[in-house]
Each structure stands twice: as structure tokens, then as C-alpha cells.
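**Q** Residues per chain, in single letters:
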Amino acid sequence: MQVAVERVTISGKAHAVTLPDNNGNITLNASQLFELPHFAGAVDAMKILQFTPGVIASADGDSAIYVRGGDSGQNITLLNNAPVYTPSHLFGFFSVFNTPHLGGLTFLKSNIPAKYGYALSSVTDTRTHATAPSKLSFEGNIGLIETDIATAIPICDNSGLFLSARHSYTTWIASAIINQPNFGIDYEFGDFGLTFVHKFKRAGELIVNSHFNRDNANLNVAIYDSNGKVGWWDSTTSAILKSNITSSIKNESTVYATIYKNRVNLNITQHNIEAPSAINDFGASNNTTFTLDKATIDAGINYTCRLIDPQWFKSSLTPYIHKASRQNTHETAVYISSKYQPLRHLEIDAGVRLSLYKTDNDIFVNFEPRIMIAAPINDHARIWACYNKSVQYLQFVPISNIGFATDYYLSSSHKNPPQIAHSLSLGYSDSALNNTLHWSCELFYRQLFNVLEYDARLTIMLSPNYDLSKYLYSGNGEAYGLESMISYTTPKFNIQANYTLSRSLRSFVQINNGKAFASKSDRRHNLSLIATYKPSKRWTLSSTFTYASGAAYTAPTSIYSVGGAFIKEFGSYNGNRLPDFHHLDISATYWLKSDKFQRSGINISLYNVYFHKNPIIISWAIYEDYDIDKLYHISQRHHTLYTFIPSISWTFKF
Amino acid sequence: MLLTTSCLKEEYDQTSFKERLIVEGAIYNGRSAEVMLSINMDYTKEFTEDEMINKVVRYAVVTVSDEAQTETLTCYRDNQYPTKLVYKGVYIKGEVGKSYKLNIQYSGREWDAVTTIPEPEELYDIQTEWVRDTLYRISATIKPKDKQRHYMIRCATSRDNDQRPSYLYPTLFGVIDKGTDEHQITINRPLDYAHILNYTTLFHSQERVYISFSAIPQEAYDYWSIWENCSVNSLNPVFPVDENPPTNISNGAQGIWCGYGSTYYIVAP
Numbered sequence: 001m002q003v004a005v006e007r008v009t010i011s012g013k014a015h016a017v018t019l020p021d022n023n024g025n026i027t028l029n030a031s032q033l034f035e036l037p038h039f040a041g042a043v044d045a046m047k048i049l050q051f052t053p054g055v056i057a058s059a060d061g062d063s064a065i066y067v068r069g070g071d072s073g074q075n076i077t078l079l080n081n082a083p084v085y086t087p088s089h090l091f092g093f094f095s096v097f098n099t100p101h102l103g104g105l106t107f108l109k110s111n112i113p114a115k116y117g118y119a120l121s122s123v124t125d126t127r128t129h130a131t132a133p134s135k136l137s138f139e140g141n142i143g144l145i146e147t148d149i150a151t152a153i154p155i156c157d158n159s160g161l162f163l164s165a166r167h168s169y170t171t172w173i174a175s176a177i178i179n180q181p182n183f184g185i186d187y188e189f190g191d192f193g194l195t196f197v198h199k200f201k202r203a204g205e206l207i208v209n210s211h212f213n214r215d216n217a218n219l220n221v222a223i224y225d226s227n228g229k230v231g232w233w234d235s236t237t238s239a240i241l242k243s244n245i246t247s248s249i250k251n252e253s254t255v256y257a258t259i260y261k262n263r264v265n266l267n268i269t270q271h272n273i274e275a276p277s278a279i280n281d282f283g284a285s286n287n288t289t290f291t292l293d294k295a296t297i298d299a300g301i302n303y304t305c306r307l308i309d310p311q312w313f314k315s316s317l318t319p320y321i322h323k324a325s326r327q328n329t330h331e332t333a334v335y336i337s338s339k340y341q342p343l344r345h346l347e348i349d350a351g352v353r354l355s356l357y358k359t360d361n362d363i364f365v366n367f368e369p370r371i372m373i374a375a376p377i378n379d380h381a382r383i384w385a386c387y388n389k390s391v392q393y394l395q396f397v398p399i400s401n402i403g404f405a406t407d408y409y410l411s412s413s414h415k416n417p418p419q420i421a422h423s424l425s426l427g428y429s430d431s432a433l434n435n436t437l438h439w440s441c442e443l444f445y446r447q448l449f450n451v452l453e454y455d456a457r458l459t460i461m462l463s464p465n466y467d468l469s470k471y472l473y474s475g476n477g478e479a480y481g482l483e484s485m486i487s488y489t490t491p492k493f494n495i496q497a498n499y500t501l502s503r504s505l506r507s508f509v510q511i512n513n514g515k516a517f518a519s520k521s522d523r524r525h526n527l528s529l530i531a532t533y534k535p536s537k538r539w540t541l542s543s544t545f546t547y548a549s550g551a552a553y554t555a556p557t558s559i560y561s562v563g564g565a566f567i568k569e570f571g572s573y574n575g576n577r578l579p580d581f582h583h584l585d586i587s588a589t590y591w592l593k594s595d596k597f598q599r600s601g602i603n604i605s606l607y608n609v610y611f612h613k614n615p616i617i618i619s620w621a622i623y624e625d626y627d628i629d630k631l632y633h634i635s636q637r638h639h640t641l642y643t644f645i646p647s648i649s650w651t652f653k654f
Numbered sequence: 655m656l657l658t659t660s661c662l663k664e665e666y667d668q669t670s671f672k673e674r675l676i677v678e679g680a681i682y683n684g685r686s687a688e689v690m691l692s693i694n695m696d697y698t699k700e701f702t703e704d705e706m707i708n709k710v711v712r713y714a715v716v717t718v719s720d721e722a723q724t725e726t727l728t729c730y731r732d733n734q735y736p737t738k739l740v741y742k743g744v745y746i747k748g749e750v751g752k753s754y755k756l757n758i759q760y761s762g763r764e765w766d767a768v769t770t771i772p773e774p775e776e777l778y779d780i781q782t783e784w785v786r787d788t789l790y791r792i793s794a795t796i797k798p799k800d801k802q803r804h805y806m807i808r809c810a811t812s813r814d815n816d817q818r819p820s821y822l823y824p825t826l827f828g829v830i831d832k833g834t835d836e837h838q839i840t841i842n843r844p845l846d847y848a849h850i851l852n853y854t855t856l857f858h859s860q861e862r863v864y865i866s867f868s869a870i871p872q873e874a875y876d877y878w879s880i881w882e883n884c885s886v887n888s889l890n891p892v893f894p895v896d897e898n899p900p901t902n903i904s905n906g907a908q909g910i911w912c913g914y915g916s917t918y919y920i921v922a923p
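Line by line, the protein sequences give chains A and B. To convert, note that position 68 of the first sequence is 68 in my numbering; the numbers rise steadily by one, no gaps. My numbering runs 654 ahead of the 1-based position in the second sequence.
Just chain A, same shape as in the assembly (with noise of 0.2 Å):
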């Protein structure tokens, strides 16, 4: 039974559209995928989830989003069962999925079933077209930021090829946006999706699907001289098998094969320094479903082999390289769980995990019970309760504070044991007016155990005694919150509501002498709103709001000379804030033609309608003053990366 819970509100065409959700977690199929509104000129269907309670991606340039209080690492997103590792582009401006690819998307954040490992806090798990298409179609955006198009070709009655590709031009805008004095950008991004379908004549599915994204940007900094190179990609190909043993018995197959590369590059003052880092994965999955009577019960096994390169470091600066070894890594999980509804009022959805997880050194087995147990009230009110023991193995080292692609991934050791998390929330959710309006609310609790916070030093990083075990510390984390949604939705107007109240902190031996601090993901408030309205067939108009409270950061209280350079006193850590963090987005589509087989329409979309600057980072700048004699001043500086963002795109499906 799927009751709504967090309702996201969505441009219909004829009718609104809103998202079934079940238990804080949320759904969306192909069709409700093509409703979604533009953003910088595109439907997005990953952009959607930063409009959930619960998840902030509230940071310009900040490609990653957090989950209930959790690190930007603890989340995972899947394309149909292997995991992508850069699920975004351009500072998360687009996902790297082309939404015509995408046949679903689930996101998981509260009630996760045992056949998720691998992450803490979410599990975005998308998924191609299952079955082939009946004709053949083409649908893309031609926009002034990226071009995309997908194509759907029937090869005979029970196969089928989809095939998607974007490229982006966004070197022009990227430097017009992009406000910072003295820099330069050329930045472009692409990725490509091919699907294979066939449908076998005894019951059963062959779904192959191949992935590859990549971004590559070049900086170049008046300062010191420097530019540099950062570029990544990720190639994920993976076959599914599904079939029907008997009509109460499914089985899903998977192999899979994920590479993901980053490489940076900076060239500082005719110096050079490298910094690689790589994952490869392989992995297989089998889940069988067994339907009963009263139950859906799933059973499976997950295995992943995955060869770790850490980010080691080269330079022309000095003679000695930190090639760090390759960390050979297994992870084998089992798993089962049950939907069962012995009463009327009474769901409960509970499942066991038990990984296993083996490095070269170490051997770490874990037990994961979840349990989710909901009451429905009446005809559209439901309670419910869950908790959640998740283990990460993977460990994430956030390196840039910004989520940049420098940040990378090593494993899980003696010294930096498995990440855990014990998770426990207790919703409620209601409807009225004929279902138009709904609200729901949920408060969450977890504790968060062996965290990762990163503190090593450029420079440090190329001395010969770099030892990245020694800059990296195991801590504690708590989050709380509370989570609420209102949204009313008729044929023609649709708004939806989030607010988020939560807290979340980290405590580390190491770090502010012992105390606890918020972690990065701490934001006290955190607001969105989204509207779509549909005055007549020809237009769509929709709006976003996002306010969260400012991202807790080090920040310098005094500035002092020695040795002739400036150096910042920096205060407690994450003792301050920065600036609060808000945008408005419009857009409009204005629909030449629109039915359900073809449509062609012009889009504008304009972020951040009010120009409004929201800083990354604070720093000083000096300021020469030819006119005295060369005599500086200095003042704080608030680095905004971009403000205003128009775009204009066509879209059209035939």
C-alpha cells in the first residue's frame, strides 16, 4: 500500500500530477518523470529530490546533497543496480541522467529495505526503460547550456534499443556566471545512455544497459600564475535478467561494472601537481520476490568486488611521489525481508542484512535489522515508525569542503572502521478536501558512528612524510529533526510546501578539543517551496524557492603579518556561519504543440531571479591604491560563484 507522505507537486498537463511516496520515501515512473518543471532549462529528475524534506543541496557549487544530517558521502545513487558515482554535473546543475532515458527513480531516505547496502543515508536507485518501445521516437531539449536527445527504436515485437546524449556548451556561460575576478573557466560536461531491451517469449526480461558521463574543466587564475585541470568520468554497465518463475516468484539477475576516474591537475607557478584517484567495480545481485498471501517476501545476495585507488599525489615540486597502494576489496551481503499485513491496521516491513566485508588486511562483518511498522488510521491517515541499521564500507574523504571532484573514496579499515548509523523516525501523514491537500510529518533521529573528517594540508600532502591515515579522523555523529509537508494540488495549480527543522553534529577527538561541533550538513531551518500553474493548454509556469540557514564553517577571526604574508586566525571549528542561503527560480514553457505522442515547446528559465549572492567561501582580498603611493587596503571578500542564470530551451518530442 503506498499512501502519500511527502507529496511533490508537479506541472500536469492535463491533470496535476503528484508523486506516490510511501513512508518518506519517494517514487516516480516514467510519466510523472516527463511532469517534472525545468530547471536551467531542463527537466531534471534528480533535481527533484533536493525538493524533499529532509535533503539539502543548499550550496552554490556544491554538487552533492545531505540527507537527514548525514555526510555529502553517505548517500548512493544506483542505475538499475550498479552504483554511479558522479551522479551530477556543472556544481549539480544537471544530473548526469537523461530524464527520456529513465524509465523510474525511487528515493530512499527513511524505510530502506535490507537489499540496500552501501550508504548511511539515502539510496537514489533509478532505473532504465524495462520494456521495449512500440514505435520509434525522439525526445530532447536544445537549450543554450546543454543540448540533449534520446531516442526510443523498436527492433522487432519484443526488443528495443533506447539511446540518450547530452552535450553541453558551457564554457561561454560558465565564464559569464562565474563572478570571480582574475579567473578563468572553460568547463563542459556529456554523457551518453544506451539501453537494450528484450522481452523473452517465456516470461522473463533482458534489460542491458551501458552509462558514461564526463566533465572536464579547466580553471586559470591570475594569481600565482596557476591554472589547473580537473576532470572525471564514470562508465557503469550492467545486465539484468528478470524472470518469472512462477507467477508468486520473481527473480532479478545483475552483473555490473562501474569505473569511475578523477584526475586534477595544477599547474601552480610553472610547478606541477597531480592528484589521480579511481574505483572499479564489479558486482553481481540476485533478488527473488516471492508473493504470498498476506506478504511479498525478498530474498538475495550482493557481491562487489571494488579495486580502490586512493588520491595520491605527484609533483614537480618535490622528488617523492605518494603512490598509495590499491586497496582489493569484497563485499558480500545477504539479506531478507518481509511485507506483511496481518490486520487491516497494521503493515510491517522488516528485513535483516548481513555483509561481510573483506580488505587485504581486515575482515568486517555486519548485522543490519530494519523495521518499518505503519497504522493506517483511516482512509487517508496513517502513522508510522521506523528504524534502520545501515553500514557503509565505502569511506568518502571530503578533501574540499565544496563538494568538488578533488574529494574521492578509500576503504574501509582497521584504523577507519565501517561508518554506522541507527536511524529511527515516526510519521504521520493525512489528506482532506478529496484528496487535494495533503500533509504529512516526520521526526527522525540517528546516531552516526566512525564518521570521517579530513584535515590534511596542501602542502603537507607533497612532503615526504604524508601519511593520509594520520589527517584523517574516526568521529561521532547525532542528527534530529523534525520533517514537514503541505501541498494542494488541483488540475491546474499545484503547490508544495517543505520545511525542515534539524540539527546535526559531530564529535571528534581530534577536532575543537574535543567538543562537539555541527557538521557541515547542519542547517537549523531549511525551506522549500514549489509551484507549477497551468493557466491555459499553451502555458506551464512554474516557481522553486530554497532558503536554508547558512552552512556552518571555520571561519577566520583575526588577520596578522608574519614572514610578510597575511595569515588568518582561524576560530573554533565550524564555529560560525555563513550567510543564510535563498534563490528564486521561474519558468515558463509556452507549448506549440502538446498531446500525449508528440510535443514541441519553448522554455526560459531564469535561476535566481533576484540576483541574490550566496558566498562559498569568505576570504580577504588586498586592494592597491595607486594613488598613495601604492598603499593597500585590505577587506573581507564573500565568493559567490554564480548569482543570475538564464536559459532558454527547446523542447519537443515526436
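Wrong hints could be hidden among the right ones.
To be verified - Computed, partial: chain A to chain B, Cβ under 10 Å:
{"id": "1", "residue": "P342"}
{"id": "2", "residue": "L343"}
{"id": "3", "residue": "H345"}
{"id": "4", "residue": "I399"}
{"id": "5", "residue": "Q447"}
{"id": "6", "residue": "N512"}
{"id": "7", "residue": "S549"}
{"id": "8", "residue": "Y553"}
{"id": "9", "residue": "G571"}
{"id": "10", "residue": "I634"}
Everything labelled a hint here was simulated from the structure, so no lab data went into it. Every residue, glycine too, gets a C-beta built ideally from N, C-alpha and C.
Place chain B on chain A using the hints.
**A** Here is chain B on its own, set in the frame of chain A:
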């Protein structure tokens, strides 16, 4: 009920400006001590070079002691020092292996620090190479006596052959960690923060470069290595800085009192 089970409590020692004494003191082998003193500035306020100069401490009582004697340093005006004022000694000259105690009394408060001068070493060789018509690069070879020693390179330039710089600035990437074998290093021009857009690591053909190559004690390495990262990456969001260099000065001051075992070189193209 869930909210009341919270057990972590946020607590911060310092989130706003606190006035501190800033000390940059040095005693080289064979030379008398020199100490610069200033007061830090509130980061949230805009200020000018003049205001920064006004934060230089002029009327402190600064003494340096070795095991046998104590000398009170005299305050001189010297525009070549970043603070334009420097406290200098005359009688006590730095000796290799000896410890020196610094004492500062100012505004009713007192600060202390102790340092030792390590044994100096020489650069194995120095080379110059023309990179462009008017610019040249300096590189040098280091052959450490043992792998437990830290080093630091400073330099200053002069276009007037008669004027020897009185203060040498830390070079860019000039702090060298222990554990190094024989290897070649580049001697980069010190960063000029007030004219950062025109900065180059190379030296101009008219410039004569005065270089010091110093062995430094552990506490000085701890300070200068973090200082170097703070100065190079203070505007870098990708490799951010939020660390304070550890000081060996007592009583809440910032900075370093450092003994340098130095050898000196002059390079002219």
C-alpha cells in the same frame, strides 16, 4: 521524546576576534637576535596598510638570554622589515647548539619562548637557468647530513649591488620536510601579497638574489610548514585552510621564536 535523547552539546572556544600579540623572532648563528612585534587585526573590519603599520608594537621590553647573559633589544626603524620596526640585539650572537630564551613585556603582560640553533649545512650546489629573456630560475641541490633535519629557504632581491637586504622572506614552497635524500629544489621568489597579480616565481635579470639556507628545529618546522600552507592556499576552496600555525610563544601570543642554523649565498645572473 526523540529530541530529549540528544547527548551531544555544541561548544566553541572562540568564534570572534580576540586581540593577540604577534611575534616573529629569529636568532641566526653568528648574528644577534631580531624580533618583530605587532597586534592582530579584526578580520571582519576593513583596514589599510597604514592601520596595519599602526598595529606594530613600538614600546615593548624585549630581552634575549642565553645560559650566561641577558640582553635587552633595541627598537630600530628599518623599512626592509615587514613591520618597518625591529628589535635588535648587539652583544649576544647566536651559537650553534645553544638555547636562547625570549622574554617580552608589554602593556602589563609577559610572554616567553625558547629556541635552539641547529647546526647549519651548505647547499651542495646552486644553478641558474634563463627561462625567458629577462627572467631566470634558481635551483639548488640539497644533501642532508641526516634524514631527521628540517630546512627552510629565505631570500630577498636587490637591484642595487651596494644595498644588502636586512630581512630575507620565506621563499614559496621553501619549507623542506625531514626525510629528504639528496635532491634538487627550486628557489622561488617569495610571494608578494600586495602585488599578487604580477607575481612570478622567477627572478629578473637585474636582480641580485640573497639566499639563506637554514636548518630549523622541529617547533619551527611545525610553525613554518603550516604558515606556508596558510599563505599559499588561503584563497583555495579546493584545498581549503582552516588551521592555525602552532606557536612556541607562551601566554596566548601567535608567531614563532626560531633559531636558524644558516648558510648564505648571493646569486647574480
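**Q** Taking the hints in turn, state whether each one holds.
**A** Each hint, compared with the structure:
1. Proximity of P342 of chain A to chain B is violated relative to the hint, the smallest CB-CB distance being about 26 Å (cut-off 10 Å).
2. At a threshold of 10 Å, the smallest CB-CB gap from L343 of chain A to chain B is about 25 Å, leaving the interface hint violated.
3. Restraint check, H345 of chain A versus chain B: the minimum CB separation of about 23 Å is more than 10 Å; hint violated.
4. Because the beta carbon of I399 of chain A sits about 7 Å from the nearest beta carbon in chain B, less than 10 Å, this interface hint is met.
5. For Q447 of chain A, the interface hint holds, the least distance from its beta-carbon to any beta-carbon of chain B being 9 Å, beneath 10 Å.
6. At a threshold of 10 Å, the smallest CB-CB gap from N512 of chain A to chain B is about 7 Å, leaving the interface hint in force.
7. A least Cβ separation of about 14 Å between S549 of chain A and chain B goes past the 10 Å threshold, and the interface hint is therefore violated.
8. The interface hint given for Y553 of chain A holds, since its Cβ lies 8 Å from the closest Cβ of chain B, which is under the 10 Å cut-off.
9. Restraint check, G571 of chain A versus chain B: the minimum CB separation of about 5 Å is within 10 Å; hint holds.
10. A cut of 10 Å between beta carbons decides the hint on I634 of chain A: the least distance to chain B is about 6 Å, and the hint holds.
The earlier numbered hints that this structure contradicts are 1, 2, 3, 7.
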